[in-house]
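S.K.: Chain by chain, the residues:
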Amino acid sequence: MQTHPKKRIEIVVEYPALRRLLDRLDRAQVTGYTVVPALAGRGHDGLWSSEGLAGDAGRMMMVICITDPARLDPVLEEVYAVVARHIGIVTISDVQVIRSDHF
Amino acid sequence: MQTHPKKRIEIVVEYPALRRLLDRLDRAQVTGYTVVPALAGRGHDGLWSSEGLAGDAGRMMMVICITDPARLDPVLEEVYAVVARHIGIVTISDVQVIRSDHF
Amino acid sequence: MQTHPKKRIEIVVEYPALRRLLDRLDRAQVTGYTVVPALAGRGHDGLWSSEGLAGDAGRMMMVICITDPARLDPVLEEVYAVVARHIGIVTISDVQVIRSDHF
Amino acid sequence: MSLVDLAAQNLLSPMVLFFALGLAAALARSDLTVPEAVAKTLALYLMLSIGFKGGVEVAANGITLRMIGVMGVGIVLSFALPVIGFLILRAVSGLSTVDAAAVAAHYGSISIVTFIAATEIVRGQNLPFEGYIVAVAAVMETPAILSALLLARSGQPTRNGNEGLGPLLHEVGLNGSVVMLVGSFLIGWATGPKGLQMIAPFIVDPFRGVLCLFLLDMGLVAGRGMREGARHLSAPVLGFGIVMPLISAAFATLAIWPLGLSLGGAALFVTLAASASYIAVPAAMRLALPEAKPAIYLTLSLGVTFPFNLSLGIPLYLALAGLVAE
Amino acid sequence: MSLVDLAAQNLLSPMVLFFALGLAAALARSDLTVPEAVAKTLALYLMLSIGFKGGVEVAANGITLRMIGVMGVGIVLSFALPVIGFLILRAVSGLSTVDAAAVAAHYGSISIVTFIAATEIVRGQNLPFEGYIVAVAAVMETPAILSALLLARSGQPTRNGNEGLGPLLHEVGLNGSVVMLVGSFLIGWATGPKGLQMIAPFIVDPFRGVLCLFLLDMGLVAGRGMREGARHLSAPVLGFGIVMPLISAAFATLAIWPLGLSLGGAALFVTLAASASYIAVPAAMRLALPEAKPAIYLTLSLGVTFPFNLSLGIPLYLALAGLVAE
Amino acid sequence: MSLVDLAAQNLLSPMVLFFALGLAAALARSDLTVPEAVAKTLALYLMLSIGFKGGVEVAANGITLRMIGVMGVGIVLSFALPVIGFLILRAVSGLSTVDAAAVAAHYGSISIVTFIAATEIVRGQNLPFEGYIVAVAAVMETPAILSALLLARSGQPTRNGNEGLGPLLHEVGLNGSVVMLVGSFLIGWATGPKGLQMIAPFIVDPFRGVLCLFLLDMGLVAGRGMREGARHLSAPVLGFGIVMPLISAAFATLAIWPLGLSLGGAALFVTLAASASYIAVPAAMRLALPEAKPAIYLTLSLGVTFPFNLSLGIPLYLALAGLVAE
Ligand SMILES: Nc1ncnc2c1ncn2[C@@H]1O[C@H](COP(=O)(O)O)[C@@H](O)[C@H]1O
Ligand SMILES: Nc1ncnc2c1ncn2[C@@H]1O[C@H](COP(=O)(O)O)[C@@H](O)[C@H]1O
Ligand SMILES: Nc1ncnc2c1ncn2[C@@H]1O[C@H](COP(=O)(O)O)[C@@H](O)[C@H]1O
Ligand code: NA
Ligand code: NA
Ligand code: NA
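Protein chains in written order, with the numbering used here: chain A, 117 to 219; chain B, 117 to 219; chain C, 117 to 219; chain D, 104 to 429; chain E, 104 to 429; chain F, 104 to 429.
Hint data in this document are derived by calculation from the structure and do not stem from the laboratory.
Check each hint, because a few of them may be wrong.
Unchecked claim - Pairs of lysine-lysine residues, derived as BS3-like cross-links and limited to a Cα-Cα distance of at most 27 Å, are as follows:
| no. | chain 1 | residue 1 | chain 2 | residue 2 |
| --- | --- | --- | --- | --- |
| 1 | D | Lys297 | D | Lys156 |
| 2 | E | Lys156 | E | Lys297 |
| 3 | F | Lys156 | E | Lys297 |
| 4 | F | Lys156 | F | Lys297 |
| 5 | A | Lys123 | B | Lys123 |
| 6 | E | Lys297 | D | Lys297 |
| 7 | D | Lys156 | F | Lys297 |
Using the sequences plus the hints, can you model the full thing?
M.R.: Shown next as C-alpha cells:
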C-alpha cells in the first residue's frame, strides 16, 4: 500500500493545561488530535498517580497529533508555548499514513 | 542488546467498529495487539469526548499492533477495510524489538 | 525548532509486575516515564480484557520511557529482566525532543 | 390536575432541574463531567431497577391477552414509525437517504430514560400502571433498526451487505442495554415480590436520586453535543426533532385505544412511542450505516427530542393518554 | 428445610440469577460489561461492609477462646489444603509442578464473595453466626500462598529467589483487598454498634442489591474466562475444580467438629475452606510464580469452582455443617 | 461535653478511622486504591447532597439579613486570609513569592469535605445550624484565588498576564465542583422539602457511609502525597499547615461575633475559614501560577492541614464557636 510521511507529536501534559493546549493546536490548524489518559508517571517534578484523585490538578494526559512535516514547526511553537510553562514533555517521531489528504 | 526491526501500526477507531477491527487483525494472523482507551479527540468528523457517555457510539479506541515488515501490507489491507468505512485513522512507524520470534 | 534524538521505549506489561518494572527503571536512572492504562489485548498468552475485573491479575499497563540513546542498553537490560519473566512486550523507536537537558 | 399545572410541576421537579443544570453547565463550558465509567454504571443500574420491578409486577399479575396485544402494537409501531419519519425527512429536509434512515431509526425505537422519567411523573400523580410496559419497551427497541436498514437500502442497492445481517442482528440483539433490561425483567419475574423485597433498598429507595445524577450527566452530554452538533442541524431537521414525537404520540394514542390500558399505562406507552433512542440505536447505526453522520442523529435525539420530552412532552402524553385510557 | 429445597431456593435467588445472567451474556458474546473502575469499587464496598459488620459483632461479644481456636484451625487448613490439592493435581492431571502449585494455592485460600453469598443464604434461613468468622476469612487468605511457594520450589530448586520472599510477603500482606477487609473489621470493632448505626444505610441496607450487581459482573468475567480459557483445562483439571471444594469441605467439617460453632458459623467456615480465591491469590501468583499459566488457575477458580459453590456448594456445606454444629 | 471528650469521640468516629486507615495503608505502601472515576463521583455526590440540603433549608427559612451578612464576612475573610498567610510565609519560610502566594490561596479558600465532616460532628451533638452556611462555603471558594494572584504579581510585575484574567475567572468560576455545589443548592432551594423527600434515600440516608469511603480515599491520596511530598516541606512550612488554620479560626470567630449565628452555624463558619482547599484552588493554581510547585501546596493542604482539622481542629473550632455564638 502506498504511504505518505507525516510527523507524530506526542505530548504528556498536566490536565489543567489541556484545554489551553488543545486551543493552541486548533489555532495551529492541525487536522486533528487524540487524547489518551495517563495513569501515573515520573519526571523532574516527581512521581504522580491519578488513582483516587477527586480533583484535576495532578492528573496528566497524553495528546497525540499527526501533522504534515511542512507544518511541524508552527505546531511545535504553539505546543511549546503551553508545555514550557506547565508540567509536561514533547516528543516527535516519523510515521507513515495511508490517506495523505486526511492530515 | 540485539534488536530486530518491526512495524508498529497505530489505529484510532470508533468503539462500535472495534470488534470488527480486531476480528480482521486475527484474520490477518498478527501475533498480538493492545487496545488503549482514548478520552477525547478531534478530526474531520469533529470533536468528541467519552466523558459522561452511557452508550458506546461516540467513544474511540486506540489499537497498537506490532508486526513483521513482511506482513505489513496484508495487515494494512484488513485494517483499511474497516477504517475506510468508519471514523478513524491509521499510522505506521518503525520500531525495534528484542525478541524477534515473539512477533 | 532544534530537536535532539532520543529513544522511546514502549513496554506493555501485566499490572502485577508494574511496580517491579518501575523500580527497575528508577534503578537504571531514567529521567522519567509515563504509565498509560491498556484496556484489552492479545498475545501469545491469549486474549485479555480489563473490563469488569475486580482484581489486578489480568490487567495490563503500557509504560513509555524516553531516554538518551547512550543509556538505552542499560535501561533495556533492567526492563528485560522484568519482562522476560512476565507477560509483556518491549519496543524501541527513534524520537526527537525539544529540550535535550530534560531527558 | 390541568395540563399546565402538570407541566409546571414537572419543570420544577429535581429530575428536570438537574438535567437543566447539566445543560447549562455544558453550554457555559464548565468542566463539570461525570466519568464515563460511572455514567455507564448509572445506565446499567436504571435498567436493572426498571426491568426488575417490571418483572416483579408481571409475576404478581400473570401474562394476559392484553399484554400480548400491547406488545404486538408496540412492535408494529417500532417498525412503522421510522417509515413515516423517513418520508417526512426526505420531503422537508435535505438529508441524504442514509442520514434520513438513520435519524428515522431513532424515532421508531425508544429511550429508556424518557420512559423512566415518565414512570416517575405517572407515579407522582398516584396513577398505577401495568408492569409489563417495561417488556413492551424492550421489544420496541430493535424493530426500528431493521426498518431503517430497509429504508437505507431503498436508496443504495446493496452497499451495506459486506458484513451481513446476521452479525448485525447478533450485535444489536445482544447489546448490553437490551440484555440488562430483559435479563433483569426475567429475574424479577422469576423471583417475584420476595426477590424485590430483598434488593429494594438498592433498586427502589435511591432510584429517584440516582436518576437525578444520571439526568445531570445527560444534560452535560446533551449540552456538549448541542455546542458541537448544532451547526449540523438545519431548521427542518430541528423541527423534526419536536414534531416527530408528537406524530408518534398521536399514532400510539390511536393504536392503543382499543386495548383498554390504564391511564398510567397508556401514558407510558405513548411516551415510549414518542421517545427517541440515544444508546442502542446510535451504536447500531455506527455498525449498520457508518456513512450516516452521528453528529446529526445524536444531536437531534439527545439535544432536541430528549429535553423536549422530559420537560413538555411527557405531561402532554399523559393528557393525550387521558383521552383513550380506561 | 431439606437439602434439595434449599438448593432449589438458592438457585432462584436474585444473587444466583444475576450471576447466571452475566454468565449467559458473556457466553453469548453480548457486549454487556461493568466498567473496571466500578467492579473494583463494588469489591471494596463488599469488603468494607462485611469487615465492618464482623468487627461490630466482635465488639458486642468480645474475644473468646473459641474465636482463637477457629482462627487457628483456619490457618492450619489454609496451609494444609494446598498440599492435598497439589498431590491430587500431580497424580491425576498433567500440570507442571509450578502450575499445580499455583492452582493449589487458590484452593487453600478463600473467596470473599463466596463467603458473602453464604452469609446471605445462612441469614435467609434465619441462622445467626459468629461475627468473628470474617476475621477467620482474613487470616485464611495468605498462608496458602506460602504453602504453594514451598511446593513449587520442591520442583525447581531456587529459581524464584531473585526477588526475595520479603518484598513478596509485603505485597501479599498489604494487598488492597486484605487491607480493606482487615481495616474495616478493626474499625467496626472500634466503633461498635454505634458506628454501625451511623453507616448502616450505606453498608447494610443496599448490601444485597450491590451484591447482585457484583455477581452479574462476576458472571460476565467468568463467562469470558470460560470462553477463552476452556481449552487450557483438561478433563482432570476441570474435575479438580469440583472435587477439591468437596474435599476441603470434608476436612473443614471434621476440623471444626470439636469447636462447637453455631450452625450458621460452621456453614460459613466450611464454605471458606471450600472456596477458591480469585482476587488476592492470582495477583500473588503473578508475582511469585509468573511461570504458572493464569489461564489455568483463573479459569478454574472463577469459571468452575465459583459457579459450583454459588449454586450447589453452599447449600451442601450448610447441610454438612448441620452434622457437626451445636 | 468537654473539648477533650469531644475530640476523643471524634477520633473514634468511623469517618476519622477510615481516613486513618487510608493514611496508614498508603504510608505502608499497600496497593489499595479507589479508582479515579469513583473518587470524582464520590466528590460530586457529596457536593450534590450538601448543596441540595442547604438549599432546602433556605427554602424553608427564607433569605435573611443575617444570611447576607455572613456571606459578606465570608467573602472578606476569603480575600484577607491569604494576605495574612502570605506575610507569615514570607517572614518565616524560605518560599518564593509565587510559592507563598499559591500556598496562601489554599488557606483563604475552603475545603468542602472538612466542612462536611464538621456538619457531621455538629449534627452528632444535636446542634442545629443555618442551612445557608453551604452557600457561604460556595462564595468563599474563589476570592482567595484573586487575592493570591495579586500577591504573586506584587513580586513579579506582569509575568502571568499572557492568558489574561478573563479566561481564568471563567475557568475558576465554572469549575465543576463549584457548579455542582451552587447548582444543587439552587435546585434544593427551588424544590424545597418536597424535592428533598423524593431523593432523600439517595442523598441523605447513605451520606455518612459514602463519606467514610471518600475519607478512606482521601487518606490514601494524602498518605501517598506525604510519602512523595514530605521532602519538599521545610519545618516552617509544616508548622504553617497547623498554625494558619488556628489563626484563620481566630479571625473568623471574631468576625462573626456580632452576627449572632447559632452554635452549630458558628462552628461551621469557623471551620470553613480554618479549612484549606484541595480541589478547586490547586486546579486554579496550575492555570494561574504554573511556576508554583504543586508538591508544596498539595502536600501541605491535604497531608497536613486536612488531617489536623479532621481530627483535632473541628472539635476545637466547635469550642471556639461556643465563645461567640448565641
Ligand atoms: N491528525 C490527527 N492526529 C491525531 N489524531 C487524529 C488526527 N486526525 C484524527 N485523529 C483521531 O481520529 C479520530 C477520527 O478522525 P476523523 O475520522 O478525521 O474524524 C479523531 O476523532 C481523532 O481522535
Ligand atoms: N504484536 C503485538 N502488538 C501489540 N501488542 C502486543 C503484541 N503482542 C503482544 N502484545 C501485548 O502484550 C501483551 C502480552 O503479550 P504476550 O506475552 O505475547 O501474551 C498482549 O496481551 C498484548 O496486550
Ligand atoms: N523521560 C520520560 N519518559 C517518559 N515520560 C516522561 C519522561 N519525563 C517526563 N515524563 C512524563 O512527563 C511528566 C512531566 O514531566 P516533568 O515535567 O519532567 O515532571 C512526567 O510526570 C511523566 O509522566
Ligand atoms: Na419512539
Ligand atoms: Na479454600
Ligand atoms: Na480557609
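S.K.: The structure should be examined with respect to each hint, and the outcome stated for every one.
M.R.: Structure-based check of each hint:
| no. | hint | result |
| --- | --- | --- |
| 1 | D:Lys297 to D:Lys156 | 12 Å, holds |
| 2 | E:Lys156 to E:Lys297 | 12 Å, holds |
| 3 | F:Lys156 to E:Lys297 | 24 Å, holds |
| 4 | F:Lys156 to F:Lys297 | 12 Å, holds |
| 5 | A:Lys123 to B:Lys123 | 16 Å, holds |
| 6 | E:Lys297 to D:Lys297 | 30 Å, violated |
| 7 | D:Lys156 to F:Lys297 | 24 Å, holds |
In summary, the structure is inconsistent with hint 6 from the numbered list given earlier, while agreeing with all the others.
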